[in-house]
Amino acid sequence: MNKKDFSILIGGAAGQGSRKAGLIIAKIFSSLGYKIYIYDDYQSLIRGGHSFSLIRASEKENNCSKKKIDILLALDEKTIQEHLKDLNEDGLIIFNQDKVKEEKGIGIAIESTVKELGGIPIMANTALLGGFAKIIGLDFDFLKNILEKEISKGIEKNLEIAKKAYDLEEAKLKIEDIGDSTPLLTGNEALSLGVVAAGLEMYIAYPMTPATGILHYLAGLKDCNVLVSQLENEIAVINAAIGAAYTGKRTMVGTSGGGFALMTEAISLAAMSETPIVIVNSQRPGPATGVPTYSGQGDLLFTLNSGHGDLVRFVIAPGDVNEMFVWSGKAMNLAWKYQTPVILLTEKDLSEATFSFDKKVLSEVKKEEALMWDKNKEYQRYELTENGISPLFFPGNDAIVKSTSYEHDEYGISTEDEEMIKKMQDKRLRKFESMKKEIDNIEAINVYGDNSETAVVCVGSLKGIVKSVCEKLGIKMIQPIVLEPFPQKQALEALKGVNKVICIEANALGQLSKVLAQNNIKVYKSILKYDGRPFNEEDLKDQLKNI
Amino acid sequence: MENLQTKAINTWCPGCGNFGVLAAFKKAMESYNKEDVVIVSDIGCSSKIIDYLNLSSFDSLHGRSISTASGIKLGNPNLKVIAFIGDGGALNEGISHLIHLAKRNSDITVLMHDNRLFALTTGQFTAVSPKGLKTRSTPEGLVEDPLNPLELMLDSNATFIARSYSSKIDHLALIIKKAIDHEGFSFIEVLQPCISFMDNFKFYNEKIYEIEEEKRTKQQARKLIEEWKYAEVGNIPLGVFYSEVKDSYEKIMNREIIKDKAVNIEKCLEAHL
Ligand SMILES: Cc1ncc(C[n+]2csc(CCOP(=O)(O)OP(=O)(O)O)c2C)c(N)n1
Ligand code: SF4
Numbered sequence: 001m002n003k004k005d006f007s008i009l010i011g012g013a014a015g016q017g018s019r020k021a022g023l024i025i026a027k028i029f030s031s032l033g034y035k036i037y038i039y040d041d042y043q044s045l046i047r048g049g050h051s052f053s054l055i056r057a058s059e060k061e062n063n064c065s066k067k068k069i070d071i072l073l074a075l076d077e078k079t080i081q082e083h084l085k086d087l088n089e090d091g092l093i094i095f096n097q098d099k100v101k102e103e104k105g106i107g108i109a110i111e112s113t114v115k116e117l118g119g120i121p122i123m124a125n126t127a128l129l130g131g132f133a134k135i136i137g138l139d140f141d142f143l144k145n146i147l148e149k150e151i152s153k154g155i156e157k158n159l160e161i162a163k164k165a166y167d168l169e170e171a172k173l174k175i176e177d178i179g180d181s182t183p184l185l186t187g188n189e190a191l192s193l194g195v196v197a198a199g200l201e202m203y204i205a206y207p208m209t210p211a212t213g214i215l216h217y218l219a220g221l222k223d224c225n226v227l228v229s230q231l232e233n234e235i236a237v238i239n240a241a242i243g244a245a246y247t248g249k250r251t252m253v254g255t256s257g258g259g260f261a262l263m264t265e266a267i268s269l270a271a272m273s274e275t276p277i278v279i280v281n282s283q284r285p286g287p288a289t290g291v292p293t294y295s296g297q298g299d300l301l302f303t304l305n306s307g308h309g310d311l312v313r314f315v316i317a318p319g320d321v322n323e324m325f326v327w328s329g330k331a332m333n334l335a336w337k338y339q340t341p342v343i344l345l346t347e348k349d350l351s352e353a354t355f356s357f358d359k360k361v362l363s364e365v366k367k368e369e370a371l372m373w374d375k376n377k378e379y380q381r382y383e384l385t386e387n388g389i390s391p392l393f394f395p396g397n398d399a400i401v402k403s404t405s406y407e408h409d410e411y412g413i414s415t416e417d418e419e420m421i422k423k424m425q426d427k428r429l430r431k432f433e434s435m436k437k438e439i440d441n442i443e444a445i446n447v448y449g450d451n452s453e454t455a456v457v458c459v460g461s462l463k464g465i466v467k468s469v470c471e472k473l474g475i476k477m478i479q480p481i482v483l484e485p486f487p488q489k490q491a492l493e494a495l496k497g498v499n500k501v502i503c504i505e506a507n508a509l510g511q512l513s514k515v516l517a518q519n520n521i522k523v524y525k526s527i528l529k530y531d532g533r534p535f536n537e538e539d540l541k542d543q544l545k546n547i
Numbered sequence: 001m002e003n004l005q006t007k008a009i010n011t012w013c014p015g016c017g018n019f020g021v022l023a024a025f026k027k028a029m030e031s032y033n034k035e036d037v038v039i040v041s042d043i044g045c046s047s048k049i050i051d052y053l054n055l056s057s058f059d060s061l062h063g064r065s066i067s068t069a070s071g072i073k074l075g076n077p078n079l080k081v082i083a084f085i086g087d088g089g090a091l092n093e094g095i096s097h098l099i100h101l102a103k104r105n106s107d108i109t110v111l112m113h114d115n116r117l118f119a120l121t122t123g124q125f126t127a128v129s130p131k132g133l134k135t136r137s138t139p140e141g142l143v144e145d146p147l148n149p150l151e152l153m154l155d156s157n158a159t160f161i162a163r164s165y166s167s168k169i170d171h172l173a174l175i176i177k178k179a180i181d182h183e184g185f186s187f188i189e190v191l192q193p194c195i196s197f198m199d200n201f202k203f204y205n206e207k208i209y210e211i212e213e214e215k216r217t218k219q220q221a222r223k224l225i226e227e228w229k230y231a232e233v234g235n236i237p238l239g240v241f242y243s244e245v246k247d248s249y250e251k252i253m254n255r256e257i258i259k260d261k262a263v264n265i266e267k268c269l270e271a272h273l
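Those protein sequence lines, which keep their order, are chains H and V. So the first sequence is numbered by the numbering used here: it starts at 1 and just counts up by one. So the second sequence is numbered by the numbering used here: it starts at 1 and just counts up by one.
One should not assume that every hint holds.
Far from chain H by the CB rule (all over 12 Å, computed), these chain V residues [claimed, not checked]: (1) K26; (2) R136; (3) P146; (4) K168; (5) H182; (6) K202; (7) Y209; (8) E214; (9) K218; (10) G239; (11) E244.
Restricting the straight-line Cα-Cα distance to at most 30 Å, the calculated cross-link-like pairs of lysine-lysine (DSS-like) are [unchecked claim]: (12) V:K34 with H:K377; (13) V:K259 with H:K367; (14) V:K261 with H:K375; (15) H:K367 with V:K251; (16) H:K375 with V:K26; (17) V:K261 with H:K360; (18) H:K375 with V:K7; (19) V:K229 with V:K131; (20) H:K422 with V:K7; (21) H:K377 with V:K7; (22) V:K251 with H:K222; (23) H:K423 with V:K7.
Everything labelled a hint here was simulated from the structure, so no lab data went into it. Even for Gly, the Cβ is constructed at its ideal location relative to N, Cα and C.
Just chain V, same shape as in the assembly (with noise of 0.2 Å):
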């Protein structure tokens, strides 16, 4: 695929992991056409990403752009639609949208850039912010414990559950490939430091370790899912934890359309009289 650049000037922070992620996509379309695929995001730095990139897009509303991209892979399912969505948009404005979607195994790729935190707000907490955090809001601590977003997604039949890292700009990129060409929803968390909030580069380097490619039951990708619990302990694994064969909701949905049919509204007014 062609250069991928806009005229857009990167607002990104300097040394933020989001810069890895946008290396990272951009290696991983170069294995598609540039016209099958739309991009997706929501509302956040993370969601910054989709101005960077030359490629059909929908910038959407706040926790929303994952149901905007089941809707443009409804409309279109020969597109490949890739969501980007911070924590906050995934987990907490959204959360209702990411369940369901994973549900019904919707065609999406979401790509969950997990900064542990609404970084664009500067700094509050979400739903993955470790217990204890002081954030602007919560000046004495964090009192709630964080949610497994991976677990979540497992108990939501998602077909498709990985976590990758943004300074692993290869393994990332290979994640993102293999998501793309899963049929129905899959769901990366990409662990993505926010150097202005929460600098972890340095207990991510410490913790990750990549695991093996396998065919897993639900319940070994539960144990390795489990093993990290967004706390200051446990190593954390990367890779893929689950992947599952089923039809798309996309593809059975639009098996019964048939394209430029002529519709009859006299024929189907026969059944009221």
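Chain H with its partners taken away, still in its complex shape (with noise of 0.2 Å):
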């Protein structure tokens, strides 16, 4: 066992509560100084079934699993069966006693210490933490403050129920305390702090995994004064959030493809009325309903080409949480900017895994203005001029704004005119080669490692895994994190040098190779993996190594 670089793997039944008691042991870890990545495994049930998390714990940054597990908490004996032949020959085994029977390994009387106590049985994974406190070497007191944090209602009977499993163990381990605590986050909340920070004021939403935790995070936080509504159905979603937004107000949607296949022709009438707009899609595996809790990146293309018509809408796929928090920002800022829908893409190995966050970048998102009419002659929504960009105004105020997804003439009348016509696109073609310049301008693509023959090019949550066994091999890393416009520019010069272009995607069709092929960059070789699980570091490896 690495002593600075642990996996632990807790499963049980849905309904018992293994996601909560990973969390929580995650972040044991995360007090003691460690970064975390937690994959959350879970079937589209209510309960039974099998789920499991797993945590990674290590001193530095990895955001990606091991193979192999070093602690396996088997909540049910499910567990053992679907993940004992992935434990470390040093591993550890720690199991529900009143459920499982093995005989290595350490069993806690979980069900039946809570019995005695008079609890009720979602305490069981209490008993569970006292036990794994102890055989990890960790202080009551430690444990007993992160409880109190993190259970709100019967903390005494808890407590009491920990302390006594707790009591019951024996010291096994010693974890080292490394360093201070980070905030735990997942990648929908780190996107939707983004978009606070970016001055969002309206979330509305249809649930839809894996996007729901947008919208139960963003209805729970109370502080940032945003109004959230849950609507009857996508379409309604975007459509009143497009009227939000002609008011002046901070608006985002988000869902998962098919939700965003029912917003599209929205999209469009977001590009033609010219109406700021953020739209998040995390994926899962499709088509049509898929597999609803995996992950998957099959709507790259689709959504590179959402909505009817000629348009170009800025695409974004963050990489890891930190990215999601200042991309989404981002995304909120250039959809003011450009009056245009964003699309924030990604998918549910990001949207609802945990990682360490990074406060350092909050400095990087704050709320930009957007270019208001400055009432020096009349106001004209759709004004012509040179870059595309007609000054915003809104409704209630001292100026007609009318605003149409009809072609229209400049003040919003709607036109057939074939003069009119041309001069409304063409002002919207000058307003995405302004979009364009933008990308060009930042950095929009991430590039590690140095000088190699071979690249890998990834998007999204696959930058976690990629840039990990990348680094281990020596190998140069692209990750676009604009898909739309892209940045060509930057990746040719990414690439530079390099004469094998390998892309890893998560997907069937090979999706990316196809959007770098329209950008004039050859893929040497694909590696795909479309089972709706995450690749881990070690046959990745050995695919890489293949080729």
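Could you fit the two chains together into a complex? Lean on the hints.
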């Protein structure tokens, strides 16, 4: 067992609370100064089945899982059956003695302890945490502090149960305290805070995994003054959001593939009416309903082409929790600067995974004001300007603001006049050109590693795993964050001297390779994974070596 | 209010019922500040009205205009928001929104121009077209029975339900004013003859009558609403059938929101340690 890089798996049936227990374990390690990454695996059901959290706690940041487990915590028999094969030779098994028959490892009488002390069944997790804390050599007070923060109901009883289980075990390990704690955020939470920092005023959604976390998180954020509204379907959601944005409210919507598909007519409306809007598409494997609680990148081309008609939208795919914060903030600012739809494209493995968040990035996001009407001459919503951006103004004040889905004149009146149709499309083309320039002038791709003849390209949540493997193999890695307008110049610059481009993607058709091909980047080979599960370091390393 | 004329050239067929709606709306607008009003339109002949009124406006998508309207109200509850929509937009493409907006008492006025067909796409049937109607998509005659939109609104808990007629400009203007002043969701069905595809001026002129303004229970309202079943028979009552006072969705949702409040992300992060 590496004493500074732990892999801990906790599993059970849905409803047994393994996710929450896993988060508390992560917070224990985070409090000791370890950097955290949690992959949560669960099925689309409410009770039963098998779910688990795989926690990586390491001295340096590692946003990916290892194949081998150091500590296996089993709330049920299924967890042992599924994961025992992945246990390290010197790994430790801790199990629910009341449910699991296992010869090796340490059994804790978690359910009987709860019964004995008159607790309720879900408190079995607290007993497990009590025993676990002792086994890894923590002081009880350390655990107590964390439990007091994490458990809102019946804390007295929980502490009593934890203490009893704690006292029954003996210390087997001693986890070193290596530093200060960092906040733990899911990708969805970081994304939410990023847009809040950029002035989010309204979030409208219809629940759909893996984007639902944004809805729940923002609805629960009491201090941030965000109006959260759940509407009857995704079509209502985006059309209402466009209405709100027309009045000047910074608005975001969020969904997954199917819901995103329903929104596409209105993406075109936002482009035509030049209404700023941020749309989150958090992917799951498709097509159709696909696999709701797993991950994939199969909406890439669809998202890049979403909306009918000639339009360009920003498409941004952050790669980790810090980028979620920074780029969701940028997305909101870009939406308002260019009065355009901006799509944040992500996936379950980033939306719902939990990471150590680096507070240093907080200063990178602040609300940037949009270009407003200066009142010097009559207001025209679609005034023809050189850079294609017409000043904004909002209804309810001293000018008429006419927005529209119809082709229009400068004032916003419908037109079918051939000259005006072309003029307006040309205005929007000038705006798209300005958007492209904007991307050329910001760091829209990440490049890791020095000169090597081979470079790996990936997007989104794959950053964590691919970066980790490329570092070990000494290969250059390129991660475009902005996917439209594609930062072609920056990508070509990063690829100077590279003769083999390998594309790693979580979809079946190699969609990113097609995007690269459109941008004059020839892909030598692709590594595709489309079983909904994340890569692990060991397997990906072997695959890359074999190319 | 000043003249609401725009530069747009009117393209409705001469004699279209929509002219009456436009006149009535202009008349109703005399009672309001121009700045306080936002009009929203759908897609169809009826929706062209938006170009003929010099008011702040959002011309939305087919069936979705009422959702856009509710978003505008949510974004700025001080605005008076009126959505113009055809029966096709309201009862075919956008019927789910209509039901939910009524249910949540969204404080918008939906003015449904009811010509009982899709006019701009050349006369196909909608949910309120009479059974047997021969259109280019139903050459043998429509096999479906029509829906009663006012009954639908009553069952969806709309808090203001009325019907008027495009030829009764004063009546319609008054109903529009009442609907705008009503806090919460208001639905007006305007019988609007389409001289090109369903010229029923004569039919309406014979069948309509005005009801008294009075407080009614849902049951009483239902009885009046069911009087005309969108068929050849029965008289057609006009007026406000039902009205009820209830806090609007936007008022409730905006209660907690404080203008220009500084946001503290560091504080939010404390819960994540
Ligand atoms: C999504 C979508 N589907 C179809 C159309 C085509 N379309 C334009 S207007 C219209 C029907 C309009 O009928 P109605 O809403 O009753 O308005 P009217 O023209 O009768 O006033 C249709 C189907 C469209 N614009 N958008
Ligand atoms: S087709 Fe009918 S509804 Fe459309 S403008 Fe002509 S008369 Fe009016």
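Right, here's what the structure says about each hint:
no. : hint               : in the structure
1   : K26                : 15 Å, holds
2   : R136               : 23 Å, holds
3   : P146               : 24 Å, holds
4   : K168               : 28 Å, holds
5   : H182               : 20 Å, holds
6   : K202               : 32 Å, holds
7   : Y209               : 36 Å, holds
8   : E214               : 33 Å, holds
9   : K218               : 23 Å, holds
10  : G239               : 30 Å, holds
11  : E244               : 21 Å, holds
12  : V:K34 with H:K377  : 19 Å, holds
13  : V:K259 with H:K367 : 15 Å, holds
14  : V:K261 with H:K375 : 27 Å, holds
15  : H:K367 with V:K251 : 27 Å, holds
16  : H:K375 with V:K26  : 27 Å, holds
17  : V:K261 with H:K360 : 23 Å, holds
18  : H:K375 with V:K7   : 21 Å, holds
19  : V:K229 with V:K131 : 11 Å, holds
20  : H:K422 with V:K7   : 20 Å, holds
21  : H:K377 with V:K7   : 18 Å, holds
22  : V:K251 with H:K222 : 18 Å, holds
23  : H:K423 with V:K7   : 19 Å, holds
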